[in-house]
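Position chain B against the provided structure of chain A, taking the given hints into account.
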Amino acid sequence: MAMNSILVVDDEENDQFICEYTIRKFDPTIEVLKAYDGSEALALLRKTTPDAIILDINMPVMNGFEFLDRYAVEFTVHAPVVAMLTSSHLGQDRERAMSYYFVKNYFEKPLTSEHLAVMRATLEG
Amino acid sequence: MKPNLDMDPAPLLAGAYCILAGAGVAAAWLVEPAGLAANVPAIFGMVFNAALGFVLCGVALIAAEARHLRVTLVLATLVAILAGLTLFEHAAGADLGLTRLFVDPFLDIGAGMAGRMGPSTALAFLLSALALGLRALRGRASRAATSIAFVALLVAVISLFGYVLGLDLADDWTGLLRMSPINAVSFTVLGTALLMTGDAASRRRLPFLAASLAVAAYMALLVIAYVQLSSQETLPDFDFSGQMDARRTLSSLILISGTVYVGLVSYTAWSWARYRRSSASLFDSQNRLSAVIDNAVDGIISIDERGTILSVNPVCEKIFGYTRAEMMGENVRMLMPEPYRSEHDGYLANYARTGEAKVIGVGREVEGRRKDGSVFPLDLAVARVELSDGLIYTGIVRDISERRRLIDALAESRERLAAVIDNAVDGIISIDAAGTITSVNKACERIFGYAAQEMLGENVRMLMPEPYRSEHDGYLSNYARTGEAKIIGVGREVEGRRKDGSVFPLDLSVARIELAGGVMYSGIIRDISERKSQETALLEANAELEEFAYRTSHDLRSPIASSLGLLGISRDMLAAGDRDGLAGTLQRLERNFVRLDKMIQNIIVLTRTKLVPEEDQEINVRATVAAALDAVSQIEGNPRLQVNLAIDPELTFRTKPTKFQVIVGNLVSNAVKYQDPDEECPRIDIEAATRDGVSRLSVEDNGIGVPPDSRQMLFKMFKRLHPDRSFGSGLGLYILRKNAEALGGTARYEPKEKGSRFIVELPEGRRSDGDELDPGG
Chain A
19 MAMNSILVVD DEENDQFICE YTIRKFDPTI EVLKAYDGSE ALALLRKTTP DAIILDINMP
79 VMNGFEFLDR YAVEFTVHAP VVAMLTSSHL GQDRERAMSY YFVKNYFEKP LTSEHLAVMR
139 ATLEG
Chain B
542 MKPNLDMDPA PLLAGAYCIL AGAGVAAAWL VEPAGLAANV PAIFGMVFNA ALGFVLCGVA
602 LIAAEARHLR VTLVLATLVA ILAGLTLFEH AAGADLGLTR LFVDPFLDIG AGMAGRMGPS
662 TALAFLLSAL ALGLRALRGR ASRAATSIAF VALLVAVISL FGYVLGLDLA DDWTGLLRMS
722 PINAVSFTVL GTALLMTGDA ASRRRLPFLA ASLAVAAYMA LLVIAYVQLS SQETLPDFDF
782 SGQMDARRTL SSLILISGTV YVGLVSYTAW SWARYRRSSA SLFDSQNRLS AVIDNAVDGI
842 ISIDERGTIL SVNPVCEKIF GYTRAEMMGE NVRMLMPEPY RSEHDGYLAN YARTGEAKVI
902 GVGREVEGRR KDGSVFPLDL AVARVELSDG LIYTGIVRDI SERRRLIDAL AESRERLAAV
962 IDNAVDGIIS IDAAGTITSV NKACERIFGY AAQEMLGENV RMLMPEPYRS EHDGYLSNYA
1022 RTGEAKIIGV GREVEGRRKD GSVFPLDLSV ARIELAGGVM YSGIIRDISE RKSQETALLE
1082 ANAELEEFAY RTSHDLRSPI ASSLGLLGIS RDMLAAGDRD GLAGTLQRLE RNFVRLDKMI
1142 QNIIVLTRTK LVPEEDQEIN VRATVAAALD AVSQIEGNPR LQVNLAIDPE LTFRTKPTKF
1202 QVIVGNLVSN AVKYQDPDEE CPRIDIEAAT RDGVSRLSVE DNGIGVPPDS RQMLFKMFKR
1262 LHPDRSFGSG LGLYILRKNA EALGGTARYE PKEKGSRFIV ELPEGRRSDG DELDPGG
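So the sequences go chain by chain: A and B. Just so we're aligned, residue 19 is where the first sequence starts under the numbering used here, counting upward by one. Just so we're aligned, residue 542 is where the second sequence starts under the numbering used here, counting upward by one.
This is chain A alone, in the form it adopts within the complex (with noise of 0.2 Å):
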């Protein structure tokens, strides 16, 4: 399966920037969503799925977490590959979004090229 759009979800700016320039660096074919926080994402994720979503932990309103726990009963059709992005390096972090089955992967800042062929591989295998 292709990866033809991604959803970044992150409430700093230059994050936003940063994840849209690499993802077109790396794949200028690939649409990029964006959303400033969990409950902007949920009001997108109903209009439309996209083949992966970048999730930041921190973020004002609703955090990465309240958005995976909205997202997971809310939802019967989740995105494929739902990765982590984030500054935070707590383990028990890590533990606690690989617990929901469609959370595949957890990064730290920044994005690369590197991340974004992980989840290619990820989606495609």
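Please note that the accuracy of each hint is not assured.
[Said to hold, decoys possible] SDA-like, lysine to any residue: derived pairs with alpha carbons at most 20 Å apart:
1) A:Lys43 <-> B:Leu1123
2) A:Lys43 <-> B:Gly1125
3) B:Lys1214 <-> A:Val79
4) A:Lys43 <-> B:Arg1112
5) A:Lys43 <-> B:Lys1139
6) A:Lys122 <-> B:Leu1123
7) B:Lys1139 <-> A:Glu31
8) A:Lys43 <-> B:Gly1122
9) B:Lys1214 <-> A:Lys43
10) A:Lys43 <-> B:Ala1124
11) A:Lys43 <-> B:Asp1121
No lab work stands behind these hints: they were computed from the structure. These figures come from a predicted structure and were not determined experimentally.
Only chain B this time, still in chain A's reference frame:
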């Protein structure tokens, strides 16, 4: 061998009588006084040989009593030979010349041959001699000797009865059961003496012997009477007037005698049985009693009225260390220490005179003195016993040294324990199964504020707040019923209630104690108010610290991570020669670093807020607010924003300047930052006043406000509420609250229809307030 001093006088008198009577009659035979023989011929009814026999028997009896048994034996043998030969003469009709052996009888009275003893006299001599001889051989009276003496006495008594009843019709002393009156009297005396003496038991047998004797004599007489009556009918020459009267007399005599006979036999049997029984049971009970006394655990002493020890049991030897011999006959005061030793005679005399008892009938603890001089406590019970031969006192003594030592040790350990309990830091309280307080220590008074007297006897629920107060009785009864413990054996944190009604946390451990008299519970109580508040503060501080560490690690790291990403992109763009893109990226980089710097500055402010000590100062509120507004508007200039200050230019708060400035700066910058860009006429209303001891600062805006879901997190660390306004560090309101608290005040939020209102209230500052109020320090 018994000493002769306590000889029985009865046999001595009897012996003396025999000797005198025999010697007197023998003398009469030698002197041959014609006058005496004519007037009192009965004297010569005792022939010379008989007189000699009596003298010998008398001497033998006295000798036996004086324990000269060999003399008795020799004399008794001589008498026996004389009597035996005389009987032989009677039986064989021979004459051995005995009648003339010592004297030539000048007179013949009543016997078949002048000077010869009648057969019954000889028989009585023979029996008496045998009894004496047997006693001499055995050393004491035996049953055989007593029986023989009894028969001898019987012969004499039958003769006497014969005279008394007038059965004897002539002075015919040759009949088998006849003898002269003087002989009969003498034999009665001699036989009685023989029966009575010889051993201690014989005297006690006297009633029995007398009764038996009477019965036997009657029996014999009845037989004689019948024999005589029947022989009279066959003797034609035997005739005298009134024969019919005599027969009637004899018949009625037989009837009466029969009645008397039956009575006497019955009495004899009864008396004998009673004697046997009483002597046996007396012996048994004496044995039992002495066994009891000798084996008693307690010492038993009896004394007489003067205090002389009459008896002691073996335990007394152990208790006092004296031997029995050392104590017997001594005054009982030897067993007492001073002052009793000197006073005891006085006690006895006083008791005898007044009846006032010190110990008698009561029993008490006194002191004893051992042979080695040591004094020891003893339990003494004294009974007064009246005996037929005087008054004695019986004391039961028990050495209670050991018991006393145990009691003393117990008392001491109790005292020690009481001291430990009383001085314990923790409260120690005990209740009974009903919940009634039975003991409290001093710490309980301190912890609960009640005096011990106010608690004792009350239900323990008085020390509990609701709901325990109402439920405690239920706990107790439930535990008693089901054994389900809420606290017992575990210990837990509960609440206590002081006398003043205040409720405080306490650590309680309860133990169930089973005593002989029932169940009690003992509780150990520790007031943990202080520990609890420290614990809470510590937990809060710890949680804050954890949160802080997590947040800083994330929030400080995230701009750096982002900068690293931007640097990579910049390198790309530089290589691609994309100058415009590079300029934008560098701008992003710069903003990242500005943000990072701001955050670090904020953290420094927060730390300073907590740590830096400051003095209170009078601060002009309006000037402070104005300065904060200036600082903000330089950065976030918004020409449309309208700021209304409702602050008296003269108003001052007395507080700590830096902290207050941080508060004002935060409030103002928040109000400016979170304006609504779509608002037609954005405005900020700032008020300040001091009223009722409270200095209040209020900042109100018509900006974007706070979503209801987020309001409870408003003052927490690192909470940013606005996604598209991510320039805050998330520390602002947290710092605001901490500073307000550090100044002893509060910060709160009020949502408005549009926008927000933040209110900070501080206590009106007092002149001497130092930095102690700072709880964050």
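Given the hint that Lys1214 of chain B pairs with Val79 of chain A, test it: the Cα-Cα distance must not exceed 20 Å.
17 Å, holds
Taken at face value, is the distance from the CA of Gly1122 of chain B to the CA of Lys43 of chain A at most 20 Å?
14 Å, holds
Verify the proposed pairing of Lys43 of chain A with Lys1139 of chain B, using a straight-line Cα cut of 20 Å.
With Cα atoms ~32 Å apart, Lys43 of chain A and Lys1139 of chain B exceed 20 Å; violated.
Does the alpha-carbon distance linking Lys43 of chain A and Gly1125 of chain B stay inside the 20 Å limit?
Given that 20 Å is the threshold and the Cα spacing comes to 17 Å, the pair holds.
Are Lys1214 of chain B and Lys43 of chain A close enough, with their CA atoms no more than 20 Å apart?
36 Å, violated
Assess, step by step, whether the Cα of Lys43 of chain A is no farther than 20 Å from the Cα of Leu1123 of chain B, and give holds or violated.
This hinted pair holds, its Cα atoms lying about 15 Å apart.
Proposed proximity, Glu31 of chain A with Lys1139 of chain B (alpha carbon, max 20 Å)
OK: Lys1139 of chain B and Glu31 of chain A at ~17 Å, within 20 Å.
For the pair supplied as a hint, Lys122 of chain A and Leu1123 of chain B, confirm whether the alpha-carbon distance does not exceed 20 Å.
33 Å, violated
Keeping to a limit of 20 Å between CA atoms, is the pair of Lys43 of chain A and Arg1112 of chain B held or broken?
Given pair Lys43 of chain A, Arg1112 of chain B holds - Cα atoms ~13 Å apart, limit 20 Å.
Measure nothing beyond the straight line between the CA atoms of Lys43 of chain A and Ala1124 of chain B; if it is 20 Å or shorter, mark the hint as holding.
Given pair Lys43 of chain A, Ala1124 of chain B holds - Cα atoms ~19 Å apart, limit 20 Å.
For the pair supplied as a hint, Lys43 of chain A and Asp1121 of chain B, is the alpha-carbon distance within the 20 Å limit?
17 Å, holds
In this structure, the hints that do not hold are numbers 5, 6, 9, in rising order.
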